[in-house]
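The chain contents come next:
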Amino acid sequence: MRNFSSKSATPYLLILPYFLLYFAFSLFPVLFTFVISLTNWDGFSEMKFIGLSNYVRLFTKDPTFYQSLYNTLFVMVFSIPAQIALGLLLAVLLKDFFLRARNSLQLINFLPYITTPVAVGILFQVLFDWKVGTVNAALVGLHILKEPIYWLGHAWSARLVTIILLVWKLFGYKMIMFLAGLSTISEELYDAAKIDGANWWQSFYRITLPMLQPIMTFVLITSIINGLRLFDEPQLLFMSESQPIGGPDHAVETVVMNFYYAAFRNFNFGYGSAIAYGLFIVIFFFSFLSMRMMNKGGESEK
Amino acid sequence: MKNKRFLSFVPVYAFVGIVSFMAIFPFYIMMTMSTYLSEDLFTGIKLLPGNYLIENFKTVMAVNFLRFYWNSTYVALTNTIGAVFISALTGYAFAKFNFRFKKVLFYFILGSLMIPPQLGLVGFVSEMRFFGIGNTHLALILPGIANAFGVFWMTQFISAAVPSEILESAVMDGCSTMRIFIQIVLPIIRSAQITLFLLFFLWKWNDYMGPLVIISKEALYTIPLSIALMGTEYRTDFAARILALAISTIPILIIFAIGSKHLIRGLTAGSVKG
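Chains as they are written, first to last, in this note's numbering: chain A, 1 to 302; chain B, 303 to 576.
What the hints contain is simulated information worked out from the structure, not anything from laboratory work. Hints are supplied without guarantee of correctness; some may be wrong.
Said to hold, decoys possible - Only pairs whose alpha carbons sit at most 20 angstroms apart, straight line, appear in this in silico SDA-like list of lysine to any residue:
hint, chain 1, residue 1, chain 2, residue 2
1, B, K348, A, V135
2, B, K348, A, V140
3, B, K348, B, F327
4, B, K405, A, F23
5, B, K405, A, F19
6, A, K48, A, N226
7, B, K563, A, F110
8, B, K404, A, L27
9, A, K48, B, R431
10, A, K95, B, I566
Only a predicted model underlies this, so the values are computations on that prediction, with no experimental measurement involved.
Just need the whole structure built from these sequences, with the hints factored in.
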């Protein structure tokens, strides 16, 4: 194995393009952003080094940061469990009950995930519109509501619509992940359980759920990381002249929206960079926490 | 699971039916609404298509939509092809070669998966401005060609799917490393390539924040940016706006309808190893 030995330069040449591109366009920007976060800079004029002031302001004097973090977490707390429950249930049912229609049902439920988020935001703006909205028309038409609701005009309903949007958009992705996980579980386990007289719910609870634990960890962590980065959909959902940032009472102003407005609308590059690092710390904390929790859960099973 | 009584099927079918209906209904409404005159949309739910599609289409085309279409296609395609190739090349090295610092470098790549893309955005925009490409398509194409997820994925796939014996006998026959990679490795990992292609293309095509902070010239807009900004310009012409959404969604739907089997097979293969 001449060519595959450790003396040859070949493997280094193979990985070189990746690392060059990574350093130039990913790692350098990340480090540079940290330098910028220690300055007062608008992106054009001279940088002024101000030490950790941006971070002091972010963590001690900026209620908007905590409010946007709260808004983001609020939406996540309701939407992620719903996405996971719906995705898991659908995956299990598709696998057990829909042998022939499985592929087309898979695709149908996956469609919301692949649709451009910008389009989803506008589409939901239309569906939940006060006057033209399909949702109001249907609810009034079916006599569930007497009066149309101004969905995008109240803080509580703005959050509700955002949660519905996220569940609608993301449950199909969860379903695909769980279907991938399910296909790795050996059929023999189920056959053995059936011989022992287990019913469908018992084998779901005793075999499927524990065997899906690794994929569940993965799904949960990626959901948290992506959830904390929420931007496109609420930004578009409430993008009109009459709405403040993040909808009524800023109810759905997320951390990344906060970051975007600070850095790229108010051209406060220094403070915007500090918000980005603040978000990174939060993401790191939550990923670490959920990994610890899932590992503990796994150990107590054994 | 074959001895189910008929009754237990009914709620299952009903549930799956309702969920699937909810998943697809907004698309249907989007399609039908795009075939009406805007004023008519205010008169109630439109379940059947109308006859104003051509007129709405003309309105959409009047804002240079084809140009934005081309921009999105070109940016997404160049980035995706580059990213899939680099991922495969790097994955090949990690899967089939032994070299010093291999473990450290691989963990470095895994660790970089934790970094959210927004973290370096301010620095990236400043860097691009410094190099004088701050308002170009190149600044959209370059980031993400080095994709940590892609490398991780390809490393897993290649070490499982490509037998080392074939590679060794090719070396014995005097094949160069690049020839082995292109003529032997790449054909074997075709399904992994398709999976990554679909995912990368989707991410780049749908990306909104990148173009939003990098592109300010209208001729360079991508589809998400154009429909986001068209929203504010077209406040009055609801139907045209919805048609623009429908048109922007269609290519992705077609690509995934063709490739979804590969995607699911590819994801499954990845999770077997991971």
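Looking at the structure, which of the earlier hints fail to hold? 6
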